[in-house]
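Asker: In order, the protein sequence lines correspond to chains A and B.
Per UniProt numbering, residue 1 is the first one in the first sequence, and the count goes up by one each step.
Per UniProt numbering, residue 1 is the first one in the second sequence, and the count goes up by one each step.
Just so you know, the hints here were simulated from the structure itself, not pulled from any lab data.
Heads up, simulated BS3-like pairs for lysine-lysine below, C-alpha to C-alpha not over 27 Å straight-line: (1) Lys134(B) / Lys93(A); (2) Lys132(B) / Lys93(A); (3) Lys184(B) / Lys10(B); (4) Lys93(A) / Lys106(A).
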Amino acid sequence: MLALGLARFVILRNVTSFRRGWPVFLSGFFEPVFYLFSIGVGLGALVKTVTTDSGAVVGYADFVAPAMLASAAMNGAIMDVTFNVFHKLRFAKLYDTMLATPAAPKDIAVGEVTWALIRGGIYSAGFLVVALFMGFVHSWWAVLALPAALVIGAAFAGVGMWATTYMTTWQQFEIIFLIVQPMFLFSATFFPLSSYPEALQWVVRATPLYHGVVLERGLMLGDVGSGLVGSLAYLLVLGGVGMWGAGRRIERLLLT
Amino acid sequence: MTDDVLLSAKGLTKTFGDFTAVDGIDVEVRRGESFGFLGPNGAGKSSTMRMVAAVSPVTSGELRIFGQDPATHGPAIRARLGNCPQQDRLDEELSVEENLWVYGRFFGLTRAEVRARADELLDFAQLTERRKDKVEPLSGGMKRRLVIARSLINNPELLLLDEPTTGLDPQARHVLWDRLFRLKRQGVTLILTTHYMDEAEQLCDRLVVMDHGRIVAEGSPRALIQEHSTREVVEVRYDVDDHGVHAGPLEGIGDRLEILPDRVLIYADDGDAAAGAVARSGTEPLSTLVRRSTLEDVFLHLTGRTLVD
Numbered sequence: 001m002l003a004l005g006l007a008r009f010v011i012l013r014n015v016t017s018f019r020r021g022w023p024v025f026l027s028g029f030f031e032p033v034f035y036l037f038s039i040g041v042g043l044g045a046l047v048k049t050v051t052t053d054s055g056a057v058v059g060y061a062d063f064v065a066p067a068m069l070a071s072a073a074m075n076g077a078i079m080d081v082t083f084n085v086f087h088k089l090r091f092a093k094l095y096d097t098m099l100a101t102p103a104a105p106k107d108i109a110v111g112e113v114t115w116a117l118i119r120g121g122i123y124s125a126g127f128l129v130v131a132l133f134m135g136f137v138h139s140w141w142a143v144l145a146l147p148a149a150l151v152i153g154a155a156f157a158g159v160g161m162w163a164t165t166y167m168t169t170w171q172q173f174e175i176i177f178l179i180v181q182p183m184f185l186f187s188a189t190f191f192p193l194s195s196y197p198e199a200l201q202w203v204v205r206a207t208p209l210y211h212g213v214v215l216e217r218g219l220m221l222g223d224v225g226s227g228l229v230g231s232l233a234y235l236l237v238l239g240g241v242g243m244w245g246a247g248r249r250i251e252r253l254l255l256t
Numbered sequence: 001m002t003d004d005v006l007l008s009a010k011g012l013t014k015t016f017g018d019f020t021a022v023d024g025i026d027v028e029v030r031r032g033e034s035f036g037f038l039g040p041n042g043a044g045k046s047s048t049m050r051m052v053a054a055v056s057p058v059t060s061g062e063l064r065i066f067g068q069d070p071a072t073h074g075p076a077i078r079a080r081l082g083n084c085p086q087q088d089r090l091d092e093e094l095s096v097e098e099n100l101w102v103y104g105r106f107f108g109l110t111r112a113e114v115r116a117r118a119d120e121l122l123d124f125a126q127l128t129e130r131r132k133d134k135v136e137p138l139s140g141g142m143k144r145r146l147v148i149a150r151s152l153i154n155n156p157e158l159l160l161l162d163e164p165t166t167g168l169d170p171q172a173r174h175v176l177w178d179r180l181f182r183l184k185r186q187g188v189t190l191i192l193t194t195h196y197m198d199e200a201e202q203l204c205d206r207l208v209v210m211d212h213g214r215i216v217a218e219g220s221p222r223a224l225i226q227e228h229s230t231r232e233v234v235e236v237r238y239d240v241d242d243h244g245v246h247a248g249p250l251e252g253i254g255d256r257l258e259i260l261p262d263r264v265l266i267y268a269d270d271g272d273a274a275a276g277a278v279a280r281s282g283t284e285p286l287s288t289l290v291r292r293s294t295l296e297d298v299f300l301h302l303t304g305r306t307l308v309d
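Generate the whole structure from the sequences, applying the supplied hints.
Answerer: This is the structure in structure tokens:
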């Protein structure tokens, strides 16, 4: 935590505020669990098994569970860096206050992104426990599923925060959800990549959530290959670039 | 003793696109002084304050705070400053005391230090009873005092106050002045902006009057009044729509005459003598009021009466 520098206190501020607002944590936790039950278990009763892109035949719920974990990490992160960051940036002017201290814009970007991935991490951990008890975890590799969820969270938080700095009205957030919603549905979350037409497969491969799903599915099903390294790198770079961009934008917006 | 010059600006300029907000001002503030930037809205006071607070880059000119350049030593400068911005910007999701705790941590204070300091400051700001409350229901004056308490959390050597009492009722303003006066007595250097003349007269040892980004006058409140106004002013009102009709008969009374839509101002060193002359002028005033000249007279004389928004 010390390596975070003054970004620690951005996190401290959010922890202090959320001590009272903890009920909002519940929705973030239950959403992926509900999906797992309705789609994974419910639809799984009809679909039974699915052949993954690496050729393994697994139960449908086992196939969907890792994707829900990746989505939970994404949603947790996105929710925080969009609405909450927007409110603090444009209305509460909290960042202006923070910048009057020795803190720099990059501390704010790092702090908010870290907080968002902590929040996403808590959702993911809760989901992982449910998945474990439901018998959807099949490998010891799954102990890495939580760190992987943090990486997913960092990627979406970084990019999401950067995007938020360009927003000027609440309505513009529809654009973000217009991207997030199809990504949630079509990033090889509910059916394998091979079931998409060739041309669309490339679109799917380009999305960050797809790489998150690949990562979590490999770890939870114990199907670990070198391909996971590429997905990991993709997400890390995305998170880093997003944080850098968000820091720069905050500087340009507030230190005028 | 350059150590004692906390703020030094030479040809300080700030532009936003084509608009020049601050147009080459020279200012020096020494340790222990209370210094004021006076001016109408849009004069460039806040832009100047933001540069001094090291949160706004200088367009051109030289600026040194504690002898350091904000472009290269921003965090080090901000660590020693107290910044009380024009808008409160309190964290409404946190309680009164949490606002102080969290803010203080950004200055590298430990948890224990922040709590001890917050206790002192809540007392100073007369907010101890409200410490557990949310910020939102506090009155304007309380919020302002909390902002000042927040800006003092790091024991600043230099406190910047951008329009500290704008929007407050008279009681709240007087409480705040009292607190600021105590700080001044403790040796804290104050730099404030205001468009309230009484505030400037109460708090500032020395001030500059800004208009259109430039400094148009500089000195102590008393020196400015002496230089740009007379000792007293007589305000005369008539039962007419156009006060200009009385310009003729009043001509020659006092040093200077100013015709306003609703009254005539006569600037004179001896107000009673001028009032006597008005009574003998043959005009029939509704009221004649003799008062001491204030900074407001200086201000309006220097910056004009045209409304600037």
